[in-house]
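Each chain, written out:
Number of protein chains: 4
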Amino acid sequence: MKVKVGIIGATGMVGQNFVGLLSNHPWFEIAYLAASPTSAGKRYHEAVAGRWHMLQDMPGTVRDMVVADANIVQNAIGKCSVLFSAVEMDKNAITSLESEYASRGLAVVSTNSAHRYTEDVPVLIPEINAEHIAIIKDQRRKRGWDKGLIAVKPNCSIQSYMLPLWALIRAGYKVDKVIVTTLQALSGAGYPGPSAIDMTDNVIPYIGGEEEKSEIEPTKIFGRIQDGKFVYDDTIQISAHCNRVPVSDGHIACVSVKFASRRPATKEIIDIWRSFKAAPQELELPSAPQQPLIYRDEIDRPQPRKDRDAENGMAVTVGRLRECKVLDYRFVGLHHNTLRGAAGGAVLIAELLKAKGLI
Amino acid sequence: MKVKVGIIGATGMVGQNFVGLLSNHPWFEIAYLAASPTSAGKRYHEAVAGRWHMLQDMPGTVRDMVVADANIVQNAIGKCSVLFSAVEMDKNAITSLESEYASRGLAVVSTNSAHRYTEDVPVLIPEINAEHIAIIKDQRRKRGWDKGLIAVKPNCSIQSYMLPLWALIRAGYKVDKVIVTTLQALSGAGYPGPSAIDMTDNVIPYIGGEEEKSEIEPTKIFGRIQDGKFVYDDTIQISAHCNRVPVSDGHIACVSVKFASRRPATKEIIDIWRSFKAAPQELELPSAPQQPLIYRDEIDRPQPRKDRDAENGMAVTVGRLRECKVLDYRFVGLHHNTLRGAAGGAVLIAELLKAKGLI
Amino acid sequence: MKVKVGIIGATGMVGQNFVGLLSNHPWFEIAYLAASPTSAGKRYHEAVAGRWHMLQDMPGTVRDMVVADANIVQNAIGKCSVLFSAVEMDKNAITSLESEYASRGLAVVSTNSAHRYTEDVPVLIPEINAEHIAIIKDQRRKRGWDKGLIAVKPNCSIQSYMLPLWALIRAGYKVDKVIVTTLQALSGAGYPGPSAIDMTDNVIPYIGGEEEKSEIEPTKIFGRIQDGKFVYDDTIQISAHCNRVPVSDGHIACVSVKFASRRPATKEIIDIWRSFKAAPQELELPSAPQQPLIYRDEIDRPQPRKDRDAENGMAVTVGRLRECKVLDYRFVGLHHNTLRGAAGGAVLIAELLKAKGLI
Amino acid sequence: MKVKVGIIGATGMVGQNFVGLLSNHPWFEIAYLAASPTSAGKRYHEAVAGRWHMLQDMPGTVRDMVVADANIVQNAIGKCSVLFSAVEMDKNAITSLESEYASRGLAVVSTNSAHRYTEDVPVLIPEINAEHIAIIKDQRRKRGWDKGLIAVKPNCSIQSYMLPLWALIRAGYKVDKVIVTTLQALSGAGYPGPSAIDMTDNVIPYIGGEEEKSEIEPTKIFGRIQDGKFVYDDTIQISAHCNRVPVSDGHIACVSVKFASRRPATKEIIDIWRSFKAAPQELELPSAPQQPLIYRDEIDRPQPRKDRDAENGMAVTVGRLRECKVLDYRFVGLHHNTLRGAAGGAVLIAELLKAKGLI
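Residue numbers (the numbering used here), protein chains in the order written: chain A, 1 to 359; chain B, 1 to 359; chain C, 1 to 359; chain D, 1 to 359.
Treat the hints loosely; a few may be bogus.
Just so you know, same-sequence chains aren't split out, so a pair can sit in one copy or run between any two.
BS3-like mimics (lysine-lysine), calculated; alpha carbons at most 30 Å apart, straight line [what the hints assert, rightly or not]: (1) Lys-356 with Lys-258; (2) Lys-177 with Lys-356; (3) Lys-137 with Lys-325; (4) Lys-91 with Lys-325; (5) Lys-4 with Lys-325; (6) Lys-42 with Lys-267; (7) Lys-258 with Lys-137.
It should be emphasised that the hints constitute simulated quantities derived from the structure, not laboratory data. Everything numeric in this text was worked out from a predicted model, so none of it was measured.
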């Protein structure tokens with residue numbers, strides 16, 4: 001028996017990604033689709049007519065599902081026990097809507113940034129901080145929720161440096177300082193995102209709000225739980241410069257890193273990366289990449305076109321490890337921003353929650 | 001009376017840039033074109049038939065000039081007194097060919113990297129180190145040259161951070177550490193450069209040899225002359241990560257900088273940049289931008305499409321000055337790589353040499 | 001004394017093009033800028049803050065002009081005698097707004113399609129049907145206008161085949177059938193236009209409404225005036241297939257043409273094109289290209305990057321004339337869609353009207 | 001027992017495509033790889049080091065195979081019975097090399113154009129002219145070959161209009177005239193193909209030799225065998241205009257077609273396309289698309305990004321069927337040029353030959 005799941009914000013770009021990832025999932029089954037009032041009452045294929053952005057055709061199983069109004073929480077009750085949230089509203093509206101769904105017993109897994117700084121909501125990259133799901137006990141207790149919960153995935157800009165850094169931290173090499181410059185893909189901006197005119201023969205060295213998220217969210221993910229709240233790790237300093245480049249999918253991070261005290265040798269770093277496995281691999285979660293970190297020896301990799309789809313878009317590919325003349329080391333990381341960095345990352349969280357009995 | 005100039009490597013991409021910049025120059029007049037033996041003997045328009053890469057049509061004045069063999073130095077003697085070198089050969093061949101031209105009395109101004117580490121050859125960005133032309137006296141004396149000389153321009157990847165940094169250094173703020181990530185345009189690779197297949201929906205986080213040049217050449221430019229040789233400035237540490245992006249012209253640099261001791265306030269930095277003028281402006285060199293550093297207040301500038309042509313492609317545009325969480329400040333610089341960064345930078349050097357009586 | 005002109009829709013992309021073209025015009029002087037109520041009351045640079053799309057910076061002369069509300073016709077009265085219209089509204093609203101301005105004595109020159117099928121409004125490409133301005137006498141008489149008038153430019157997709165075809169028609173070679181496939185630039189869709197995601201590694205073989213305009217408008221331009229109305233030329237059949245390609249500016253047309261009876265020889269066609277001059281050249285209109293039709297011998301021209309800016313973007317570049325195995329001949333035409341095809345074409349119309357004493 | 005196959009030209013782009021398609025094939029097994037003398041003697045992964053262009057990693061099964069010299073025919077004897085040819089040499093060299101391999105008993109299936117006009121060599125699109133393999137009997141008899149044979153696939157520009165046209169012809173609607181404008185992808189030019197500089201913000205309205213191939217090859221494919229030779233179908237006239245666009249894979253064809261006498265209704269055409277099946281489907285060839293012609297109702301399809309991979313890149317996607325004002329109908333076709341149009345098309349031919357007992 002598969003777990004019945006719902007998607008709110010199902011007609012948007014991230015929602016469509018969820019539909020693609022969940023339409024054939026071994027553990028989950030799409031049982032509920034909701035979106036804005038404009039879409040409500042229409043069949044899914046009508047609601048997204050002319051704006052289905054996935055490269056694959058819409059799965060037949062969802063074509064004729066009638067889309068509900070995502071604002072009416074009651075609609076979802078009894079239809080599903082897990083709710084993937086990709087609604088596009090203002091922050092406060094999302095915060096309260098997601099909380100209301102959770103209060104009614106649904107496990108809400110969100111790609112939105114609204115709850116990322118909520119003190120009892122975990123921001124999860126399952127390979128890094130799976131144990132942060134322990135906060136859900138506090139979350140439920142304080143809020144008086146029974147089965148409901150909220151867990152969120154971080155911003156799509158950070159996975160390509162967070163996983164490589166974490167592997168080294170876990171191996172005992174504390175990271176002190178990070179300067180990262182990202183070259184981010186268009187799909188990270190949602191649809192329609194940047195105008196083609198602006199991105200032809202051009203790059204834009206700015207993405208609103210992205211640098212702040214890229215600097216702060218890691219310190220929560222690397223943080224610890226204390227008294228039912230997250231304490232951020234303020235021992236790591238991160239400086240991020242975010243650029244938009246004319247690439248469809250796949251964020252690149254050019255990283256310089258300084259270790260707190262001792263530093264590993266180059267060969268050791270590569271070994272650590274190549275042998276890195278964590279909770280998702282141990283639990284054999286369906287969406288978990290067999291090899292979460294792929295290190296490539298070719299001098300000009302990773303590249304978006306060639307590496308974004310590694311392990312169904314769930315691996316982070318690393319390359320070009322070399323010394324840095326200012327900090328200790330430099331490397332390049334890459335991940336698929338709408339898979340590992342968004343919908344895929346959220347599905348992996350839901351799988352973790354289920355494997356751990358929280359769903 | 002204009003000074004007669006020649007171009008060797010005249011049929012290549014940089015050579016064509018020289019032709020474009022010099023065909024209507026107030027001080028210089030193209031009197032000699034040379035290239036490989038295959039082109040020798042052909043009229044210029046025949047020699048570049050099917051591979052004229054400039055957006056403007058070939059100037060009528062050079063169309064019918066007969067191209068000489070660049071390997072036969074004698075050809076140039078009596079035809080011109082300044083020789084712009086854009087030959088594409090192996091390093092040793094260029095080193096000796098350029099030296100031979102100089103030994104025969106020609107002032108050689110080169111875009112090649114061959115002589116950049118020669119101890120008595122200045123690597124010039126005229127706004128920064130115009131006084132390095134003093135070495136030419138030593139160069140001539142040691143080598144027994146009378147009127148000949150060699151001066152070269154640096155790699156095209158560094159102008160967008162070197163000028164902003166220099167303006168601050170000159171104002172008394174010593175720079176200690178720099179981490180720079182570049183997003184470099186296709187034309188920096190010459191023609192044909194990267195394959196369109198590789199650059200479609202892609203960026204490549206590697207450019208062969210570029211990071212080394214971007215880290216070392218600045219220390220020569222910031223260095224000093226001692227006993228007829230250059231002493232590199234080893235007090236500044238630079239770490240460069242170079243990426244190729246699908247942009248025709250215009251290199252971007254995302255820069256983090258740390259000052260040695262005291263640091264200027266944000267407003268002061270912008271004032272320093274906006275009021276920066278140096279030798280080329282004081283000497284009113286024809287190719288000198290009126291404002292070598294343009295600071296833009298818009299949050300998403302500079303951008304290649306919109307800023308590369310500022311001041312006929314000779315200005316460096318800067319933007320996004322803000323604090324860095326790891327070093328002191330961050331900013332974005334941009335310059336036109338084939339104009340300021342290559343042929344235009346070389347023409348500016350020749351103008352400086354002439355204004356200073358060395359030509 | 002320059003003629004005072006106004007621009008309505010001044011903040012949009014075409015409006016910005018008008019600002020660029022008119023800010024330094026020998027005959028016209030921008031005296032009035034109007035846009036939607038949201039922009040009204042702001043200075044021009046405030047009204048377009050963050051959405052100035054021209055590659056050149058905003059001209060200083062318009063920066064501080066206060067933008068009026070384009071819906072309030074009275075605002076313009078006394079400020080200007082010519083009004084360039086680039087408003088973006090629904091068709092009926094534009095039709096009546098432009099008529100009202102004209103009824104109040106302004107010469108309205110519009111880039112909009114609203115009045116293109118109005119029976120007494122000329123659709124002008126001045127090199128082709130300058131004599132169609134004769135209808136303005138009827139227009140004024142019937143509508144009771146004194147000095148006011150409306151003249152419009154055609155859709156931006158047709159100039160690259162209309163000019164070459166017209167040159168041949170005028171030389172006595174009646175054209176019977178035309179099959180044209182266009183490869184149209186992004187800027188033809190206005191701003192923001194297509195999403196960068198959709199245009200990365202892609203072309204879209206459809207542009208809404210474009211094929212119909214490309215087939216019908218030519219027959220009005222080739223038509224004649226009879227009883228104060230236009231009679232369309234139904235002796236020419238045009239089939240258009242319109243594609244959107246990832247190019248910033250510059251529409252390409254791949255054309256196959258059949259002549260009604262006798263056909264010219266290849267050499268004659270090229271001669272006709274190269275020697276083609278018409279009213280704008282004879283009247284020496286300021287925006288008129290010296291050579292309206294440029295035929296290039298290179299086998300791979302015209303290309304958008306290399307040819308769109310010919311004659312300040314006002315020439316049509318033609319190439320690849322060869323026999324067609326189905327109709328008579330094939331060729332490729334190219335023009336700059338926002339200059340010759342939009343704002344530049346409208347300015348040329350205004351210049352024609354002034355030269356002919358109608359302004 | 002799988003049939004052992006070899007690939008000559010295995011290190012080039014088409015050769016790599018063959019490796020990808022054949023490394024996991026149900027009927028064929030790669031047993032032999034050959035390339036130029038420079039590659040000979042190296043392991044395959046060494047021979048293509050730094051120039052593996054497939055998005056997927058090199059299959060493990062071929063990594064360590066030693067590459068032979070393709071010029072030494074003897075090398076292949078005993079190693080394989082089918083030889084896929086993707087060598088890049090001059091036409092005469094290919095013609096004789098492929099003939100020699102065939103004379104030694106190998107079934108040569110080639111993507112090269114060298115043998116396309118050889119009178120007894122079939123140019124095959126298996127859905128259209130599978131019965132042309134009957135010529136192989138004549139080929140063997142005349143040339144004295146026992147088991148050897150040569151069969152070739154046509155140019156990659158024609159599949160997207162040939163399949164839709166053929167479906168209609170087979171249904172009894174003789175086609176008289178075709179005007180086709182193609183928008184062809186970069187990979188059609190091989191590697192490196194066009195320079196990224198030339199293809200940035202640009203399209204090129206010319207591809208050398210492509211229009212001739214696109215006009216003539218169809219008439220052989222639609223032709224018939226008579227006295228052991230092909231008689232071309234001269235009752236169909238085709239005019240092709242070929243453009244290069246900045247798309248990685250996927251050729252588009254904008255087609256206008258005129259029927260000889262009676263013409264089908266729109267609905268009938270779509271029905272014919274949607275129900276079209278031919279020999280590869282009936283024989284259930286492994287690479288045969290289940291549905292060779294996919295008609296999409298969306299107004300803006302087919303598009304390269306969204307449709308090229310349909311049926312593993314072996315289907316032709318059609319859309320936008322509508323009347324033509326000059327001929328009868330217009331439509332847009334699209335196919336994956338390196339799969340259906342090159343290596344995939346050749347593998348399908350080999351499968352047909354095997355199913356028919358010729359291999």
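### Task
Hints the structure violates: just list their numbers, smallest first.
1, 2, 3, 5 and 7
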